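Novice: Given the coordinates of chain Z, work out where chain C should sit on it, guided by the hints.
There are 2 protein chains.
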Amino acid sequence: MSTGVRRRMGVEERRQQLIGVALDLFSRRSPDEVSIDEIASAAGISRPLVYHYFPGKLSLYEAALKRASEDLAARFAEPHEGPVGARLLRVMRRYFDFVDEHGPGFSALMRGGPAVPADGVRSKDHVSATNALIDSVRQAAYDQILAHLQIAEAPPRLELVVRSWISLAESTALLWLDGRRVPRAELELQLVHDFAALAAVSAAYDEEMAALLKTMVKDEPADGPFAELVGRLIALGS
Amino acid sequence: MSTGVRRRMGVEERRQQLIGVALDLFSRRSPDEVSIDEIASAAGISRPLVYHYFPGKLSLYEAALKRASEDLAARFAEPHEGPVGARLLRVMRRYFDFVDEHGPGFSALMRGGPAVPADGVRSKDHVSATNALIDSVRQAAYDQILAHLQIAEAPPRLELVVRSWISLAESTALLWLDGRRVPRAELELQLVHDFAALAAVSAAYDEEMAALLKTMVKDEPADGPFAELVGRLIALGS
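Heads up: the sequence lines are chains Z and C, in that order. Here the UniProt record's numbering is used: position 192 in the first sequence is 192, and no number is missing along the way. Here the UniProt record's numbering is used: position 94 in the second sequence is 94, and no number is missing along the way.
What the hints contain is simulated information worked out from the structure, not anything from laboratory work. Please read these numbers as outputs of a predicted model, since none were measured by experiment.
Have a look at the derived ranges for each label pair, beta carbon to beta carbon:
no. : chain 1 : residue 1 : chain 2 : residue 2 : range
1   : Z       : Ser128    : C       : Ala185    : 31 to 37 angstroms
2   : Z       : Ala132    : C       : Glu186    : 28 to 34 angstroms
3   : C       : Arg111    : Z       : Pro155    : 19 to 25 angstroms
4   : Z       : Ala42     : C       : Gly20     : 50 to 56 angstroms
5   : Z       : Ala77     : C       : Glu13     : 57 to 63 angstroms
6   : Z       : Ala132    : C       : Pro79     : 40 to 46 angstroms
7   : Z       : Ala86     : C       : Lys214    : 26 to 32 angstroms
8   : Z       : Ala222    : C       : Tyr205    : 14 to 20 angstroms
9   : Z       : Ala74     : C       : Gly44     : 54 to 60 angstroms
10  : Z       : Gly82     : C       : Gln150    : 39 to 45 angstroms
11  : C       : Lys214    : Z       : Ser41     : 53 to 59 angstroms
Beta carbons are placed, not taken as given, at the ideal position from N, Cα and C, and that holds for glycine.
One chain only, chain Z, in its complex shape:
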């Protein structure tokens, strides 16, 4: 029963600690600029001990990315209660929280240049693993949206609207990170409206989409974001 003595961590506990430390560093600067020495120092252990748990920076990066992906996907979960527009707005807030917390790492990853190791090459397996994680987050977002719309199987035009809107949300977040010249709260609301606008454009030319859109907006309150947008658009045109 000793006190004041640092307890030795188990293997899995140490691995999880290292992943957390690495994720924090990879989030705050471009992963290319973070060294194993720095990770070891931040974790309070020696460089060889880091290698004992992870064969290299790349495997540690992949583990950190996996944790970040799971974290982000978890933020998409939202109770199926109340107007859909307000639900989407809450998810957008948590999405921008995530982007804010992981800014430089998120940018580096989404711009296609994650964690190239010191020898300047990266394997095909690494590229595939990274892309698979990005795709899994996009798929989680897609599945959540369909679930909130209560649609089991999306017709092609709805799939297009939802998936292309997800890419719009990604590029909007990336552009926001580059200088933060527009308040994020404005962009969170704008993305909710963009979703409605893209669905409306598709609905303007397709009956199936028009029927879907009517179902989507029928429970929106008169003081919710959708109604507000419509009011503002009408004012704009007059």
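Specialist: Chain C only, in chain Z's frame:
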């Protein structure tokens, strides 16, 4: 003065021929699946002779990508005459022509997995060169749009609308390639409307954008795509 004898090509001419042959092959199948042997065979020369002009598949891929980028950027050029909506629709048609012609290569490139050589690694320089070419095409699209809107320096919200719309056009084209379940003509028109819709959403909350939008639509004809969309949206709401 011989006839019927194959003329020997000069170095630059041979290089250009090889780039054309390679681009054609890289466009029709995923670049990963195209071998130097195949390129040599399609060009009617020996494998060692290909290596005489290009040190490897990667440098040939980069050269082909450069030509494709220039080709695509050139298709954005459109006379500054007539309604802006109709101009954008013509550019969208040429954009989908390009995507159609280079389908598998375009998909592989935009999904972040271009031309990994046989040894399974790719250099940081290659990743940078590839990303720089993609960015140069996006920048060309951005510059063209601003020029057509007659805006020298875009305020942050307009820059966001234009750049995020460009990424929307990319993802829409990629989703279209994956099964072609929606007619491309519909998507070309939809993207023109999406541009107007995203600008309108931004304008609904910002006076500067509202003023810009009014300038943008003031010359649109009553039978043009913008007016048609507005009519259809109003019908949808009634």
